[in-house]
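Peer 1: As a plain string of letters, each chain reads:
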Amino acid sequence: QQQVKQSPQSLIVQKGGISIINCAYENTAFDYFPWYQQFPGKGPALLIAIRPDVSEKKEGRFTISFNKSAKQFSLHIMDSQPGDSATYFCAASPDISGGGADGLTFGKGTHLIIQP
Amino acid sequence: KAGVTQTPRYLIKTRGQQVTLSCSPISGHRSVSWYQQTPGQGLQFLFEYFSETQRNKGNFPGRFSGRQFSNSRSEMNVSTLELGDSALYLCASSLTGHGNQPQHFGDGTRLSIL
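As given, the protein sequences belong to chains F and V, one line each in that order. Residues in the first sequence are numbered from 97 upward in steps of one, following the numbering used here. Residues in the second sequence are numbered from 153 upward in steps of one, following the numbering used here.
Treat the hints as calculated values from the structure; they're not laboratory data. Treat each hint with caution, since some may be false.
[What the hints assert, rightly or not] Computed list of lysine-lysine pairs in DSS-like fashion (alpha-carbon distance at most 30 Å, straight line):
no.: 1; chain 1: V; residue 1: K165; chain 2: F; residue 2: K204
no.: 2; chain 1: F; residue 1: K167; chain 2: F; residue 2: K154
no.: 3; chain 1: V; residue 1: K165; chain 2: F; residue 2: K153
[Claimed, not checked] Negatives, chain V to chain F, calculated, CB over 12 Å:
no.: 4; residue: T166
no.: 5; residue: R167
no.: 6; residue: Q170
no.: 7; residue: V171
no.: 8; residue: G192
no.: 9; residue: G214
no.: 10; residue: F221
no.: 11; residue: N229
no.: 12; residue: L233
no.: 13; residue: E234
no.: 14; residue: L235
no.: 15; residue: S238
no.: 16; residue: Q255
no.: 17; residue: D259
no.: 18; residue: L263
no.: 19; residue: I265
We put the CB at the ideal spot given by N, CA and C, even for glycine.
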């Protein structure tokens, strides 16, 4: 019930291409969905987040698409660059706490490699 | 503005020992959360503190505990260490843990159990 399923586990994209990572959740109480980027030896850094009242949110080259009826959301990285090579995690939180008081439930991560 | 600071960065312990990890949140942040990151289980929520009170706890045994001080700094303690406790322990802070507030993570403490 608390799971967030993330795919693919790994992804190789050519420079300039579009990277797409997908997540699905089961708990209908989730209503905050952030994406985190993690480089080796570093902690996760918040990239972008969305709430279910919107279907899409864009920040620079990063876009979240959200499908409430299907309980799915995805991250699109446009014009992917070698510097985007990292591990990406989707996450979800059950209420307006934004993941603080109730904790974030994370997907297992996607290892993204952008080939020059 | 300084980020979330975790100390130490690396720690090696043996089975049966106990360990204390420290986290200093971003100045002004009063909510501190702890997560365990392992290759097999990924990132898992341990617990969250606000105003020196634990508000929520994840599905971990009682060997994992924490506390928060009046200056919002937090510590987590793991007693009777097991091999499976080897992990990266991450601390995250936010203003109050409520509303549309991003959580900022530290770079973690890498704990290795021999």
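Peer 1: For each hint, tell me whether it holds in the structure or not.
Peer 2: Consistency of the hints with the structure:
1. V:K165 with F:K204: With Cα atoms ~27 Å apart, K165 of chain V and K204 of chain F stay inside 30 Å; holds.
2. F:K167 with F:K154: It holds: about 19 Å lies between the C-alpha atoms, which stays within 30 Å.
3. V:K165 with F:K153: Violated - the C-alpha atoms of K153 of chain F and K165 of chain V are around 44 Å apart, more than 30 Å.
4. T166: 24 Å, holds
5. R167: It holds; R167 of chain V is separated from chain F by about 26 Å at its closest Cβ, greater than 12 Å.
6. Q170: Given that every Cβ of chain F is farther than 12 Å from that of Q170 of chain V, nearest at about 24 Å, it holds.
7. V171: 19 Å, holds
8. G192: 9 Å, violated
9. G214: 17 Å, holds
10. F221: 18 Å, holds
11. N229: Non-interface label stands for N229 of chain V: nearest chain F Cβ at 19 Å, farther than 12 Å.
12. L233: 22 Å, holds
13. E234: 22 Å, holds
14. L235: 22 Å, holds
15. S238: Given that every Cβ of chain F is farther than 12 Å from that of S238 of chain V, nearest at about 16 Å, it holds.
16. Q255: 5 Å, violated
17. D259: 5 Å, violated
18. L263: 15 Å, holds
19. I265: I265 of chain V clear of chain F: closest Cβ-Cβ about 20 Å, beyond 12 Å.
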